[in-house]
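2 protein chains.
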Amino acid sequence: TSSGVFLLQMGWGDLGAFGEPSKETPNLDQMAAEGMLFLDFYTASPLCSPSRAALLTGRLPVRNGFYTTNGHARNAYTPQDIVGGIPDSELLLPELLKKAGYTNKIIGKWHLGHRPQFHPLRHGFDEWFGSPNCHFGPYDSTERPNIPVYRDWEMVGRYYEDFKIDLKTGEANLTQLYLQEALDFISKQQASQQPFFLYWAIDATHAPVYASKQFLGTSQRGLYGDAVREIDDSVGKILKHLQQLGISENTFVFFTSDNGAALISAPRQGGSNGPFLCGKQTTFEGGMREPAIAWWPGHIPAGGVSHQLGSVMDLFSTSLSLAGLQPPSDRQIDGIDLLPVILQGKLIDRPIFYYRGNELMALRAGLYKAHYWTWSNSWEEHSKGIDFCPGQSVAGVTTHTQEEHTHLPLLFHLGRDPGEKYPISFASEEYQRALEHISGLVQQHKATLVPGQPQLNVCDQAVMNWSPPGCEKLGKCLKAPESDPKKCSWPH
Amino acid sequence: TSSGVFLLQMGWGDLGAFGEPSKETPNLDQMAAEGMLFLDFYTASPLCSPSRAALLTGRLPVRNGFYTTNGHARNAYTPQDIVGGIPDSELLLPELLKKAGYTNKIIGKWHLGHRPQFHPLRHGFDEWFGSPNCHFGPYDSTERPNIPVYRDWEMVGRYYEDFKIDLKTGEANLTQLYLQEALDFISKQQASQQPFFLYWAIDATHAPVYASKQFLGTSQRGLYGDAVREIDDSVGKILKHLQQLGISENTFVFFTSDNGAALISAPRQGGSNGPFLCGKQTTFEGGMREPAIAWWPGHIPAGGVSHQLGSVMDLFSTSLSLAGLQPPSDRQIDGIDLLPVILQGKLIDRPIFYYRGNELMALRAGLYKAHYWTWSNSWEEHSKGIDFCPGQSVAGVTTHTQEEHTHLPLLFHLGRDPGEKYPISFASEEYQRALEHISGLVQQHKATLVPGQPQLNVCDQAVMNWSPPGCEKLGKCLKAPESDPKKCSWPH
Chain P
1 TSSGVFLLQM
11 GWGDLGAFGE
21 PSKETPNLDQ
31 MAAEGMLFLD
41 FYTASPLCSP
51 SRAALLTGRL
61 PVRNGFYTTN
71 GHARNAYTPQ
81 DIVGGIPDSE
91 LLLPELLKKA
101 GYTNKIIGKW
111 HLGHRPQFHP
121 LRHGFDEWFG
131 SPNCHFGPYD
141 STERPNIPVY
151 RDWEMVGRYY
161 EDFKIDLKTG
171 EANLTQLYLQ
181 EALDFISKQQ
191 ASQQPFFLYW
201 AIDATHAPVY
211 ASKQFLGTSQ
221 RGLYGDAVRE
231 IDDSVGKILK
241 HLQQLGISEN
251 TFVFFTSDNG
261 AALISAPRQG
271 GSNGPFLCGK
281 QTTFEGGMRE
291 PAIAWWPGHI
301 PAGGVSHQLG
311 SVMDLFSTSL
321 SLAGLQPPSD
331 RQIDGIDLLP
341 VILQGKLIDR
351 PIFYYRGNEL
361 MALRAGLYKA
371 HYWTWSNSWE
381 EHSKGIDFCP
391 GQSVAGVTTH
401 TQEEHTHLPL
411 LFHLGRDPGE
421 KYPISFASEE
431 YQRALEHISG
441 LVQQHKATLV
451 PGQPQLNVCD
461 QAVMNWSPPG
471 CEKLGKCLKA
481 PESDPKKCSW
491 PH
Chain W
1 TSSGVFLLQM
11 GWGDLGAFGE
21 PSKETPNLDQ
31 MAAEGMLFLD
41 FYTASPLCSP
51 SRAALLTGRL
61 PVRNGFYTTN
71 GHARNAYTPQ
81 DIVGGIPDSE
91 LLLPELLKKA
101 GYTNKIIGKW
111 HLGHRPQFHP
121 LRHGFDEWFG
131 SPNCHFGPYD
141 STERPNIPVY
151 RDWEMVGRYY
161 EDFKIDLKTG
171 EANLTQLYLQ
181 EALDFISKQQ
191 ASQQPFFLYW
201 AIDATHAPVY
211 ASKQFLGTSQ
221 RGLYGDAVRE
231 IDDSVGKILK
241 HLQQLGISEN
251 TFVFFTSDNG
261 AALISAPRQG
271 GSNGPFLCGK
281 QTTFEGGMRE
291 PAIAWWPGHI
301 PAGGVSHQLG
311 SVMDLFSTSL
321 SLAGLQPPSD
331 RQIDGIDLLP
341 VILQGKLIDR
351 PIFYYRGNEL
361 MALRAGLYKA
371 HYWTWSNSWE
381 EHSKGIDFCP
391 GQSVAGVTTH
401 TQEEHTHLPL
411 LFHLGRDPGE
421 KYPISFASEE
431 YQRALEHISG
441 LVQQHKATLV
451 PGQPQLNVCD
461 QAVMNWSPPG
471 CEKLGKCLKA
481 PESDPKKCSW
491 PH
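Line by line, the protein sequences give chains P and W. First residue of the first sequence? That's 1 in the working numbering, and the numbers climb one at a time after it. First residue of the second sequence? That's 1 in the working numbering, and the numbers climb one at a time after it.
Just chain P, same shape as in the assembly (with noise of 0.2 Å):
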């Protein structure tokens, strides 16, 4: 059985299915209806890079290094003078699953390192077409160079300058290439009946957002509107290929999102996260539940709808298992296999971790989700506009100095209150009983925890994307400055 996720950036309330008032999502939410509707599904940070490396490995960010030892609390990701990436100990999903003779291609953004070590081909992918950073940009080829675009094991442009993105009017066709992509590939694996592993993970509701010709301005919602419509449209053309192509039976296929959506940027180049406190760079609700659909028509039922509690890491053990492989015994691996839930309809106990950075900063079990440590952001970034929780606030919880709870954790229940506005009291019967037990579930995790080396702590002008690999062929390989390593910045 071949597998296939959709990764993107979007936010819980973003499709028709969970409720965005638009519902502009007929592909997507058609997928959901013909398969199983995650609801209690979530990312492993609030962040893009750790949560990409920990869909990957099935492993917490802590664990495989994704995190930064620079602050407390900080959320870190992968920008193009970081110096670390992916190590070469940590088992990817695509190198195990080439045991099973798969063929494994990551079309979008990797962003798990970009230097020539982290390589998505050196750590079990055949094929690659897309960027190793953010398509942030335009930058001038002297402080910065634009993000290089791979096919394989090369580049062949760079944003802004061979891969346009127009920033006034958001017009890219950047989806188009991706979805042409990821097409031609499943042909080409139905083809040779070779199974697959199809990593679509593409960028175009990450700010800054983009669209085709074709959509811009044909949502209610505006550029993102549009960006989501190529992106719902695109899937569906997808899911449709592998039906013609007669394949949709044995391919499972998985729709979610690396963090919440980014209230930053909003309106114009944000999502929603529905009913959910704050989103992207927050361990509440808003910045790491995501949406989530399973697909694979003959073996899921139709319109089913979970509450599982699930996490990116699940597609590690999922997919291997899908393989008939086992995971590693050797490390803690983090995921779940969801084919009982997704086949059975089987519940598994298990917790939800909400980490940011070196810190855990809460845990969902059942219903009940315990903060030890609330942050926003910090007062100075606040004071400059940047506001994750734009016009939400709820008092001594979305703090914007690190508030300690962990000898007196705040407890929500999620059920009742799944916007984190009403926090359960102290004195309450319900608290006792419900800590009691996450109590248990933090003591033990946090006893048997080997942390590994943080990979995210170093950053170097020099290492910057001057001259990856193939740009003297195209001419445009630049001149990077001297090395000097600083400790990265990460203010949030």
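Among the hints, a few may not be true.
Which copy? The list can't say, so a pair holds if one copy fits it or any two copies do.
[What the hints assert, rightly or not] Subject to a maximum C-alpha distance of 30 Å in a straight line, what follows is the list of computed BS3-like cross-link-like pairs (lysine-lysine):
1) K213 x K346
2) K168 x K421
3) K23 x K421
4) K421 x K213
5) K168 x K213
6) K23 x K240
7) K446 x K487
Hints were generated in silico from the structure; no laboratory data involved.
Let chain P serve as the given structure and place chain W on it in line with the hints.
Okay, now just chain W, sitting in the frame of chain P:
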């Protein structure tokens, strides 16, 4: 064609189909899947009585008299010391439907006045089982009598005495009684082959929230969710009954709500307005945008979605149209006939008016909404812990003083900003263009408006439900105090 209207106090975000994360409304979701979902549907007031008066008259409360002039922009309703009620001069939907041979029944809360002249059977209904006021209580029979429950002309008991509601556990079997009434009425009408109008206006989700024993503790959402589940189950049973009797294709059914979820009662007794701002009592989207589903098998295409700006007042005009009747031509009717929308997918250009008492607070045209006044509630009320926007605060928008913006209205684009968080810049071309259009609509509305006599100004302890008709037979007549009419106090 018969008509059924389910009118409930539920928030936009309370249904699975509208994104409630627990997704516990399978029957309503199924109703939506078989019918048409309205995503931009509004009530006529952020409070119950005026909305109900508007639904049944097809006219804004400021026209039909369901408002107050005791204070500026105050919400008013019909507590049991209210002197006023629905004026005889108003023509109610059931009065008109009678001309086409309909039998009309109201089940549940009437709320258009409880003195004899306002009795629903004097205003077109043929049958009634329910109460004239909210099921507040229990009262002591001295300061305040418990609310009576009527069958047709006479009371058959009182809440808390003969119709139990356990405020501690939330247990009450009232929804089951109201369900059985509906099933029996439909059976009777089917047997007699008479067209009917059924107005099922039950109040289990209005604080104090209640549910039957079999539903208590079954929801992830606590007591409120239990009540929602029972209502969902009941709606499913009523629709199934229509199908089993073979009359579903001759019965137009509409589900909606009279105001947004009462966030002051959350989390135990209040619902969800999804991504919208604030709740009941306010003219933000959370106060007035409602869940809405039209169902009419064989006529409405399954799975339809409409962005028609709709109103509860449209149920008046639509029901008349279904009966082959014309709306009265001697008065302004604010409702429109939705049949072209529902059957042919048309979109009719019309504004939505957001009133609070005697003041037009805001107007929506297309995707733009202009606020002429902003107010959540007063600092005085807020300081008592009454919060209509818990956890939400948008500077200059969710104001605690009545802020006038008539010269420079706050403008929002509800497509990219459904949460009303980002006022559009006054200096922008978009602002100028949208506002020019909206100003014209406001001017036109104000120039032709003939306000009705305000019915909700005077309160008097003597008019409470001391001795409703039928009390003698039950030995339940109470002695009224001396009449002492006063201006009602409307703090919000």
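Cross-check of the supplied hints:
In this assembly of identical chains, the alpha carbons of K213 and K346 lie at most 30 Å apart only when taken from different copies (27 Å versus 44 Å within one copy). Only between protomers do K168 and K421 lie at most 30 Å apart by alpha-carbon distance; the minimum there is 23 Å, versus 38 Å within a single protomer. Taking the shortest Cα distances, K23 and K421 sit within 30 Å of each other both inside one copy (26 Å) and across copies (20 Å). Taking CA atoms no more than 30 Å apart as the test, K421 paired with K213 passes between copies only; the shortest distance there is 28 Å, against 41 Å inside one copy.
Proximity of K168 to K213 under the C-alpha cut-off of 30 Å is restricted to the intra-copy arrangement: shortest distance 13 Å within a copy versus 59 Å between copies. Within a single copy, K23 and K240 get their C-alpha atoms as close as 21 Å, and across copies as close as 28 Å, so both meet the 30 Å cut-off. In this assembly of identical chains, K446 and K487 lie within 30 Å of each other by CA distance solely inside one copy; the values are 26 Å within and 63 Å between copies.
No hint from the list above goes unmet by this structure.
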